[in-house]
Amino acid sequence: MDKVDASAHYQGVTEDKPSLLVVVLDTNPFAWQSLHSELPLQTALSHILLFLNAHLSFSHANRVAVIASHTKSATFLYPNSAAAAETAETSVDLYRDANKYRLFASIERQVQSSMQRLLSSTAPESLAGTNETTMAGALSLALAYINRVCNADNLSDSGEGSGGGARPGEARADTASMTARILVVSVSGDLANQYVSVMNSIFAAQRQRVPIDICKIAGDTVFLQQASDSTNGIYMQLQHPSALLQYLLSCFMSDPSTRHHLIPPSQINVDFRAACFCHKRVVDIGFVCSICLSIFCSPPPGAICTTCNTKLDVSALGNYGGKPAVVLMKKKKIKKAKKVLNDSAADSSTPGTPVA
Amino acid sequence: MAPSTIRGFDEYLQSLPPITFQRLYQQPATALAIFRRMLPSLAKIFVTTLLYNDRPIPLAELQSWVRTESYREREDAFSKLRRLHITQERAGNVSIDPIFKKNFRLALTGGGDHHSFGVPVDASDDRKKVSISTLDNYAANQFDCILHYMVEPSGQRQPNPGVKILLITSGLMKQSERGHQPKITQAGFSFILQEGNAQIWALLIQYLEMCESLQMEKTEVLHFLLMLGSLELGQAYSTATLTQTQIKVLADLKDYGVVYQRKSMPDRFYPTRLATTLTSDVTGLRSTAASFTQALVAAGPVAPPSEAAGESGFIIIETNYRVYAYTNNPLSIAILDLFCKLGSRFPNLVTAKLTRASIQRAIANGITADQIIDYLKVHAHPVMRKNVLILPPTVVDQIRLWQIEGERMKTTPGFLFKDFASEWDFQDTARYAEELGILAWKDSKRRLMFATRTEQIVDYLKRRGEQQAVGRKV
Amino acid sequence: MPRVNKGVLVECDPSIKAILLKIDQDAGHAYIIEDLDESTLVVKEQKLADLKHQLDAVLRKTSMQEREEESSGDDDGDF
Amino acid sequence: MADSDSDYIASSGDEAPKSKSNKTGKRGKRAGREKPRERWEEIQRAWDLGLEDDNIESTISELLEAGKKRRLLKDETPLQRGIIRHLVLILDLSVAMAEKDLRPTRYLLSLRYACDFVREFFEQNPISQMAVVGMRDGIAIRISDMGGNPQTHVDAIQKLRLDDPDGSPSLQNALEMARGALFHTPSHGTREVVIIYGALWSADPGDIHTTIRSLVADKIRVAVVGLAAQVSICKELVRITNAGDTSSYTVALNEVHFREKLLEATTPPVTRTQKMSANGLLMMGFPSRIVERTASLCACHSQMNKGGYLCSRCGTKVCQLPCECPACGLTLILSTHLARSYHHLFPLKNWLEVSWTEARRSTHCFSCQSAFPPPPAAALKDTPDAERQPAKTGSSTSISSRYKCPDCGMHFCVDCDVFCHEILYNCPGCQSLGDEKPARTTRGKKRARELSEGGAGAPPPPPPPAPPEPEPMVID
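Protein chains in written order, with this note's numbering: chain S, 1 to 356; chain V, 1 to 474; chain A, 1 to 79; chain X, 1 to 476.
There may be inaccurate statements among the hints.
Far from chain X, by Cβ distances over 12 angstroms, these chain S residues were calculated [stated by the list, open to error]:
1) P29
2) E38
3) L39
4) L41
5) A105
6) R117
7) M236
8) L245
9) C251
10) S257
11) R259
Keeping only pairs whose Cα atoms sit at most 30 angstroms apart, straight-line, the calculated DSS-like set for lysine-lysine is [said to hold, decoys possible]:
12) K349(X) x K72(S)
13) K61(A) x K47(A)
14) K248(V) x K218(V)
15) K410(V) x K445(V)
16) K445(V) x K44(A)
17) K61(A) x K22(A)
18) K219(X) x K311(S)
19) K410(V) x K6(A)
20) K218(V) x K263(V)
21) K418(V) x K22(A)
22) K216(S) x K306(X)
23) K44(A) x K418(V)
24) K174(V) x K248(V)
25) K61(A) x K183(V)
26) K22(A) x K445(V)
27) K410(V) x K341(V)
28) K47(A) x K418(V)
29) K410(V) x K47(A)
30) K22(A) x K410(V)
31) K183(V) x K47(A)
If you want the footprint, here are the derived chain X segments under chain S, 3+ residues with CB under 8 angstroms [as the list claims (entries may be wrong)]:
32) 284-298
33) 344-356
I should point out that these hints are in silico values taken from the structure, not numbers from a laboratory. Just so you know, even glycine gets a beta-carbon here, dropped at the ideal spot from N, CA and C.
Hey, can you work out the whole structure from these sequences and the hints?
This is the structure in structure tokens:
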């Protein structure tokens with residue numbers, strides 16, 4: 001006899017969306033070698049695997065992926081079709097193990113075996129002198145995978161509208177509304193060579209509302225900091241690399257939907273410097289082409305933009321450090337009265353402003 | 001009404017004595033399943049944080065992680081953890097129950113010798129391979145049979161007596177007179193339109209209740225049910241590690257279509273999709289239904305044609321409330337009859353109409369408008385699915401309006417607090433209840449308030465009382 | 001310490017509340033625990049279903065005419 | 001329909017070439033530019049699309065894929081684009097917008113798309129500025145002032161939702177106001193006006209042709225999206241201000257087309273002549289964000305706050321970016337703002353269709369790991385079947401559902417293709433394989449790489465930037 005009673009019909013269902021976690025593991029052998037005494041790669045990997053298991057145990061529908069960002073290539077460690085085939089053959093005896101959740105066990109096996117293959121395929125001579133990691137590639141892979149798993153639904157409303165939401169014939173309803181995040185476990189330093197592609201990945205993540213969390217074990221990169229800052233991710237520089245697991249479980253555990261309940265770990269200063277296009281140098285003052293916005297650390301030779309081939313008018317610069325004769329005109333005219341005020345305010349505040 | 005049955009399991013668990021929890025947490029699989037299914041996400045984060053901390057952490061510190069706006073979620077998380085006996089609090093410090101901690105760690109890392117994730121059997125020696133589609137068909141058949149029986153008790157396909165008894169004890173059906181076939185109750189009507197997984201849980205909870213009267217050990221049954229959720233579809237599992245009770249349960253679950261067992265191979269069983277998704281969360285349930293339907297479609301040629309067609313979507317609704325259902329499945333027709341006015345029937349088509357009277361009759365039977373809309377949406381014909389809005393918006397709105405029309409009151413079960421000692425006493429308690437989001441109504445003049453739960457308020461009053469006592473002494 | 005009573009909070013229009021009060025009175029105050037304000041009351045939990053039933057019966061009696069009209073006009077354009 | 005299948009299979013071969021010519025792939029577009037086709041000629045009918053195929057499902061999925069691809073096959077040559085843009089968006093708020101031919105109404109739909117436009121505009125043109133102007137009751141209304149913060153524009157547009165459209169529009173008044181707003185903008189940027197025009201008339205106080213002439217004199221380009229029918233004065237306006245090109249005047253056919261045409265204007269326009277805008281080299285600072293323990297005043301708004309950005313040159317604290325340092329006049333900008341537009345500089349090459357013969361190399365999409373359909377047995381041998389395939393590539397969908405990056409040679413699925421070209425702007429393959437495979441060689445990138453490779457020794461390291469001016473501030 002619920003006919004006269006309205007209450008049962010309006011119970012709000014609070015549900016958390018399932019979430020996808022993509023771990024990008026920087027596997028640069030040099031960096032790990034230098035960390036060996038504190039945190040060997042194997043230990044770190046097992047910590048990360050445990051972290052993945054914890055993520056999976058949050059919800060039945062949660063999913064994970066692991067991508068290795070190696071010195072010269074980025075590959076999927078999980079899901080990895082080759083590793084899956086390989087472990088399927090050899091796993092008959094492991095079948096008897098009833099003491100581990102099947103999903104955990106299979107992920108662990110696949111990650112371990114593809115990791116082995118990756119490391120053994122790396123010839124020592126090919127590493128000579130490289131101290132970088134293909135972070136841009138790994139992030140691109142991660143984002144493409146996230147896009148796939150979280151369905152094109154999100155794509156259509158953030159993009160140009162791919163013409164109607166649901167597409168028949170594509171039965172991916174089970175993962176339609178997933179949230180996703182990327183965790184980068186980073187050990188190596190500068191990425192200035194990949195500036196543009198890393199930046200492109202960051203903006204793609206931003207548009208897809210995918211936070212990029214950075215777990216920095218060693219090294220320092222400006223751009224990963226910017227990545228976590230502009231995607232609302234968490235940036236954390238580990239004080240004690242050996243306690244990786246504890247950091248992972250307590251700081252990086254929250255999925256995007258839970259995150260807005262939590263106070264993020266204290267935000268540090270963010271370095272917003274950019275890399276110049278000409279010498280891949282990280283700069284804080286640069287010269288920018290007004291046609292294409294390429295950044296140069298010094299006016300390009302012959303005053304021709306190397307990116308867009310435009311003859312640039314360097315005269316506007318006058319002497320270095322002069323005011324660009326742009327915007328200024330207008331401001332002076334309109335805000336003359338205000339400017340005086342502003343200037344005096346600036347004057348008074350400058351002494352009190354601490355220099356970072 | 002999916003949430004209500006899930007809460008059913010929730011409440012059921014919380015009604016268990018602490019000692020039962022101690023025994024439940026002995027099994028890593030159970031610890032994992034309870035963690036996954038029962039806890040709000042914030043509570044899960046607290047657990048993972050504490051999991052590898054050997055020393056207790058001050059409660060205040062944990063609380064300070066949460067934004068002040070999310071006060072309600074925080075309190076909810078903590079109270080859930082306390083009620084499930086996962087955390088212990090001593091002198092303002094929180095730690096995880098050692099048994100839970102040990103076994104949850106084991107679940108994550110693997111190892112130990114508990115066999116709680118099921119012992120797989122290599123089924124390659126089996127003469128006939130049991131494919132996933134076989135399992136899906138089996139599950140669908142069994143479950144359909146139960147639903148069918150509820151709608152049409154005198155039909156040809158009769159479920160096992162055990163199921164019939166369960167349906168009657170659970171109040172889904174009613175034995176009207178002796179010798180007559182039992183009849184479906186209002187609870188049964190609303191049960192039929194529920195999500196598949198919610199239905200299974202509703203049945204299983206009834207089953208658990210019944211176990212007690214059958215002298216079966218409750219924890220063992222629970223262990224077994226929760227273990228089923230962690231098994232893999234299409235994999236055979238051995239019955240060797242099961243206890244006597246659990247083997248008995250296995251036999252019963254076969255009738256519900258939750259597990260599949262071949263007569264020739266009594267030493268092994270196969271979980272069906274109904275089992276493997278038991279411990280999914282709410283969102284998982286939806287997907288289960290979807291993938292279940294898909295599986296049935298995919299298995300089309302194997303399954304009886306009428307059912308395969310019946311599940312894939314057969315209903316067309318026009319903006320003039322006419323309903324055309326391309327089905328000859330009596331169950332589907334019977335369900336349609338719950339909220340439509342049936343018109344004529346053709347060999348493969350039933351015409352019907354949604355009317356104010358038919359909808360209100362359904363609502364009087366305990367079916368909600370949302371259930372009707374969900375059902376129509378899930379079973380919409382592929383032609384309807386091409387539209388951006390699957391159902392015509394006018395029809396959806398009208399169904400809702402018809403529901404609202406009859407609603408004359410809103411009820412909230414809970415507790416009335418009265419006779420507060422002082423104005424301050426009342427205001428303070430009311431404020432606390434409001435922060436928790438459990439205050440339904442208050443009247444400051446008469447110092448009356450109505451809250452949906454008492455535990456936290458009683459706790460709060462006690463704590464406040466103690467503080468005041470201490471303050472007075474000082 | 002305040003006193004706690006288990007019950008069900010009922011929110012409805014004043015007109016419906018009047019009917020509920022009448023039902024309660026006729027039954028010798030078997031339903032209502034506390035009359036809160038003009039649109040809310042607290043009733044006994046176990047009696048709620050019964051109360052709803054009674055209310056529906058009353059409502060059906062009062063709106064009989066309209067229902068009949070509807071059911072006769074309803075069949076017009078059927079198939 | 002199902003019954004007639006067999007009748008049509010025989011004839012489907014004859015119709016194939018015809019349907020192919022109807023598809024507007026890359027070639028179709030180019031052809032269209034030379035000889036514009038009328039709108040009604042482009043309507044696709046079901047019977048043109050080869051739906052008679054026995055397998056309808058595959059045809060449908062192919063069509064879907066084609067739709068996705070069509071949006072992708074755009075020009076990939078890097079063009080000089082004036083990326084610092086100044087744009088005025090003019091909204092028609094006249095009574096003509098109350099029409100309900102676009103649902104829910106022209107007015108509400110336009111406001112919604114205007115918000116989308118603002119967001120997309122700043123996404124694509126991060127350091128540009130725009131203003132919004134409305135036309136109502138015969139006058140022009142200032143809705144939001146020239147500025148670089150998308151949120152202020154969106155908020156201002158959202159506020160309009162509460163009002164009703166009323167009165168007549170005045171094209172001249174609105175254009176004059178736009179001209180006024182653009183008058184002071186610096187010369188290195190573009191000056192543009194985008195008009196959403198629902199009415200078929202304009203109530204002007206004077207001669208609109210004088211206004212149009214002065215727009216030309218001020219180098220302002222106008223684009224118009226009409227909602228009702230073509231209006232002569234709009235066409236004239238667009239033609240004159242765009243050097244004879246009327247392609248930026250369109251009349252929306254339906255909601256989707258409206259949105260499409262409006263958002264087209266967010267792509268930076270091609271600079272037509274070198275002279276049109278002066279190319280400058282700007283000095284910019286990329287300040288870092290700091291968090292302070294105690295609050296201090298910022299130089300830009302004189303407000304107390306605990307965080308902010310320090311000017312890279314003089315260390316003045318400002319609270320918002322982008323801005324101009326109040327002390328030394330250096331343009332301060334977040335490097336992330338600049339970087340947002342770099343995908344225009346290094347556009348990703350279009351990916352190629354993969355024939356069945358080549359498809360055998362891959363079983364999974366390189367980036368998302370989803371499985372590809374296995375090659376059919378017939379294609380495994382080099383049969384005539386396999387040779388026929390390249391002909392099919394003109395239709396822009398790949399027969400094997402694989403797409404290949406021409407540089408790294410990896411295979412991708414169509415979803416990743418769309419994602420990489422529309423959102424990511426990276427090729428996961430090229431990025432992941434590092435130096436082992438040749439990196440992609442768009443013109444700019446090649447040059448940049450040559451430079452950087454040769455740059456190790458060749459050009460001398462640049463002189464360090466001059467020390468900051470001692471005290472650039474003079475209060476006059």
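Hint check results:
Residue placement check: P29(S) keeps its beta carbon more than 12 angstroms from all beta carbons of chain X (closest about 15 angstroms). Here E38(S) stays apart from chain X, with its beta-carbon at least about 28 angstroms from theirs, past the 12 angstroms limit. For L39(S), the requirement that its beta carbon stay farther than 12 angstroms from each beta carbon of chain X is met, with the minimum near 25 angstroms. No beta-carbon of chain X comes within 12 angstroms of the beta-carbon of L41(S); the shortest separation is about 20 angstroms.
No beta-carbon of chain X is positioned within 12 angstroms of the beta-carbon of A105(S); the least distance is around 20 angstroms. Residue placement check: R117(S) keeps its beta carbon more than 12 angstroms from all beta carbons of chain X (closest about 16 angstroms). No beta-carbon of chain X is positioned within 12 angstroms of the beta-carbon of M236(S); the least distance is around 15 angstroms. Non-interface status of L245(S) relative to chain X is upheld: no Cβ of that chain comes within 12 angstroms, the nearest being about 27 angstroms off.
A cut-off of 12 angstroms between C-beta atoms confirms that C251(S) is not in contact with chain X; the least separation is 18 angstroms. Taking the minimum C-beta to C-beta distance to chain X, about 22 angstroms, the non-interface status of S257(S) holds against the 12 angstroms cut. For R259(S), the non-interface assignment is confirmed: its Cβ lies about 20 angstroms from the closest Cβ of chain X, beyond the 12 angstroms cut-off. For the suggested pair K349(X) and K72(S), the alpha carbons sit about 22 angstroms apart, so the restraint of at most 30 angstroms is met.
A threshold of 30 angstroms between alpha carbons decides the hint, and for K61(A) with K47(A) the separation of about 21 angstroms falls inside it, so the pair holds. Among the hinted pairs, K248(V) with K218(V) is consistent with the structure: their alpha-carbon atoms are about 13 angstroms apart, no more than 30 angstroms. Between K410(V) and K445(V), the direct Cα distance comes to roughly 23 angstroms. Compliance with the 30 angstroms bound is thereby established for this hinted pair. Of the pairs offered as hints, the one joining K445(V) and K44(A) holds, with about 23 angstroms between alpha carbons and a cut-off of 30 angstroms not exceeded.
Taken as a hint, the K61(A) and K22(A) pair is honoured in the structure, with Cα atoms around 15 angstroms apart against an allowance of 30 angstroms. Under the criterion of a C-alpha separation no larger than 30 angstroms, the hint pairing K219(X) with K311(S) is consistent with the structure, at around 21 angstroms. Note on K410(V) and K6(A): the hinted pairing holds, with a Cα-Cα distance of about 17 angstroms set against a maximum of 30 angstroms. For a cut-off of 30 angstroms, the pair hint linking K218(V) to K263(V) stands: about 27 angstroms separates their Cα positions.
For a cut-off of 30 angstroms, the pair hint linking K418(V) to K22(A) stands: about 25 angstroms separates their Cα positions. The suggested pairing of K216(S) with K306(X) holds, with an alpha-carbon distance near 26 angstroms, which does not exceed 30 angstroms. Proximity of K44(A) to K418(V) is assessed by CA-CA distance (about 16 angstroms); at most 30 angstroms being required, the pair is judged to hold. With a CA separation close to 26 angstroms, the supplied pair K174(V) and K248(V) stays within the 30 angstroms bound.
For the hint linking K61(A) to K183(V), the alpha-carbon distance of about 28 angstroms falls within 30 angstroms, and the restraint holds. Pair hint K22(A) plus K445(V) holds up; C-alpha atoms about 26 angstroms apart against a cutoff of 30 angstroms. For the proposed pair K410(V) and K341(V), the alpha carbon gap of about 28 angstroms is at most 30 angstroms, so the pair holds. Among the hinted pairs, K47(A) with K418(V) is consistent with the structure: their alpha-carbon atoms are about 21 angstroms apart, no more than 30 angstroms.
A threshold of 30 angstroms between alpha carbons decides the hint, and for K410(V) with K47(A) the separation of about 15 angstroms falls inside it, so the pair holds. Distance restraint check for K22(A) and K410(V): the Cα-Cα separation of roughly 18 angstroms lies within the 30 angstroms cut-off, and the hinted pair is therefore satisfied. Taking the CA atoms of K183(V) and K47(A), the gap is about 24 angstroms. The hint holds against a cut of 30 angstroms. Only residues whose C-beta sits within less than 8 angstroms of a C-beta in chain S count toward coverage, and the region 284-298 of chain X has 12 of them, enough to reach three; the restraint holds.
Three residues within the 8 angstroms Cβ limit are the bar, and the region 344-356 of chain X against chain S gives 3, so the coverage statement holds.
Checked against the numbered hints above, the structure breaks none of them.
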